[in-house]
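There are 2 protein chains.
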Amino acid sequence: MLSIVILGTGNLAKHLFNAFAKTDGAQVVQVVGRNRDQLNWFSEKTAISDDFFSILEADIYLIAVKDDAIAEVSQALSHKKGVVAHTSGAVPLNAIAAERKGVFYPLQTFTEGKIMDFKPIPLCIESNRDEDILILKKLANCLSDNVKQIDSDQRKKLHLAAVFVNNFTNYLFGVGEEICLDNQLSFDLLKPLIKETAEKVQSMSPKLAQTGPARRGDQKSMQEHLKLLKNKNQIALYTLCSEAIENAYEKEL
Amino acid sequence: MLSIVILGTGNLAKHLFNAFAKTDGAQVVQVVGRNRDQLNWFSEKTAISDDFFSILEADIYLIAVKDDAIAEVSQALSHKKGVVAHTSGAVPLNAIAAERKGVFYPLQTFTEGKIMDFKPIPLCIESNRDEDILILKKLANCLSDNVKQIDSDQRKKLHLAAVFVNNFTNYLFGVGEEICLDNQLSFDLLKPLIKETAEKVQSMSPKLAQTGPARRGDQKSMQEHLKLLKNKNQIALYTLCSEAIENAYEKEL
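Just so you know, the protein sequences line up as chains S and F, in that order. Using this note's numbering, read the first sequence as starting at 52 and increasing by one per residue. Using this note's numbering, read the second sequence as starting at 52 and increasing by one per residue.
Quick caveat, the hints were computed from the structure, so don't treat them as lab data. Please note: incorrect hints may appear among the correct ones.
Put simply, identical chains are the same to the list, so a pair is met inside one copy or across any two.
Stated by the list, open to error - With a cut-off of at most 20 Å between alpha-carbon atoms, the simulated SDA-like pairs for lysine to any residue come out as follows:
1. 246 to 107
2. 73 to 271
3. 207 to 232
4. 189 to 278
5. 283 to 181
6. 165 to 262
7. 246 to 301
8. 65 to 284
9. 132 to 90
10. 281 to 80
11. 96 to 85
12. 96 to 196
13. 278 to 53
14. 165 to 63
In isolation and in its complexed conformation, chain S is listed as follows (with noise of 0.2 Å):
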């Protein structure tokens, strides 16, 4: 059984320490981290410490800390014999200080309390040495069956398609929430059709699944929805994402 232990208190973290606590073949032997109230949610379920100079040994060191602060934390664990890996999207390989680098990078948007599935999320992982991917391989195993090797520059560009995809879409539902808000309808109306948006593409490419004014050049529509928004950051998305329809169908329009 590999042995693991987290560095950080935070919502990934904590998120990491259900899923393991599911598995055979990994145990969290201790979670560190500076919070001593977050900390104690853990307390009952493994060690904690708050102090980085009392860090047990484990193969693997999970740091779960904001972008940037894993560095300084890598820093603590710069003389353990296991793998030391961060959970980060962005950050390079080579911001750990220890010897034996790695990256185990849960591709997915957790929300803080809900229980989380995690087969189906990728986990991107990386080392600059084959044993040490062998071993980040197996621990990936024991949660996820969608394990994929990506180097820093790759996982770089994931993360921006993720901003992309996560991030703005997110916002979008929001300008959505706030059209209907001022409108005195009910977000809940707009929700099965946030699920299919989602849905559809998970078997059809988005570029073949894009519909509406913009996609048909119908500019009657999209002049008469533009009056109809009052909000400046509105008219300003609804204009450029209508004209990136617009340029993207240009050809078969």
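Once you have looked at the hints, place chain F on chain S.
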């Protein structure tokens, strides 16, 4: 049992036809359309006609044609006794030339050939006569557990909100796909994230679900992302969405 004639032979006409075929409360007695090839799809299951002067008598006429053809098609029904309802999000009730006007708008994206469960789909109905509201409600209840009475003004706003959460969101999924393919990454990697992004807002306001560099005001990450983007559309979208998110959460940063 309510009798229905469907006018139109496109994607929505087929989805409505399939949905009514499964209910006991309503029956499609005829499908009328200009496109003979498309009409054939219905021919084994109901009466068909391409002659707008041979429309059968029915309780309800559902017009499922392009927005700008609704008024014209409704003229062929102006002397019918039944309720004449269109199925569009953007067209006002008054576009219908018949005396008994109605709207029967399913707020969903319909994929060709995919079997849809109508139960959760919001069916937005409208009429200017109480008795016709009742008959449209009765028909809508045959298909959906989510029937709402919504007037033309509100429906127009709802349709606009749907453009943001469906059309524009799908476009962002396409940008994510583009970034993946440009970097030899499979779009499959983003699919669980896309699904969960939509799942999350089913039970949480998008305002609360927002994460990412722009939400954190993390200028360094945003600058790095912009450097990775080469496509002009992508840069403009990244900049605008990030600014909009930053503005929305400014006070909290």
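Against the structure, the hints:
| no. | hint | in the structure |
| --- | --- | --- |
| 1 | 246 to 107 | neither (44 Å within a copy, 37 Å between copies) |
| 2 | 73 to 271 | neither (55 Å within a copy, 37 Å between copies) |
| 3 | 207 to 232 | between (36 Å within a copy, 14 Å between copies) |
| 4 | 189 to 278 | neither (56 Å within a copy, 34 Å between copies) |
| 5 | 283 to 181 | neither (52 Å within a copy, 39 Å between copies) |
| 6 | 165 to 262 | between (33 Å within a copy, 16 Å between copies) |
| 7 | 246 to 301 | neither (28 Å within a copy, 29 Å between copies) |
| 8 | 65 to 284 | neither (36 Å within a copy, 37 Å between copies) |
| 9 | 132 to 90 | neither (24 Å within a copy, 71 Å between copies) |
| 10 | 281 to 80 | neither (55 Å within a copy, 45 Å between copies) |
| 11 | 96 to 85 | within (18 Å within a copy, 68 Å between copies) |
| 12 | 96 to 196 | neither (26 Å within a copy, 44 Å between copies) |
| 13 | 278 to 53 | neither (60 Å within a copy, 39 Å between copies) |
| 14 | 165 to 63 | within (11 Å within a copy, 36 Å between copies) |
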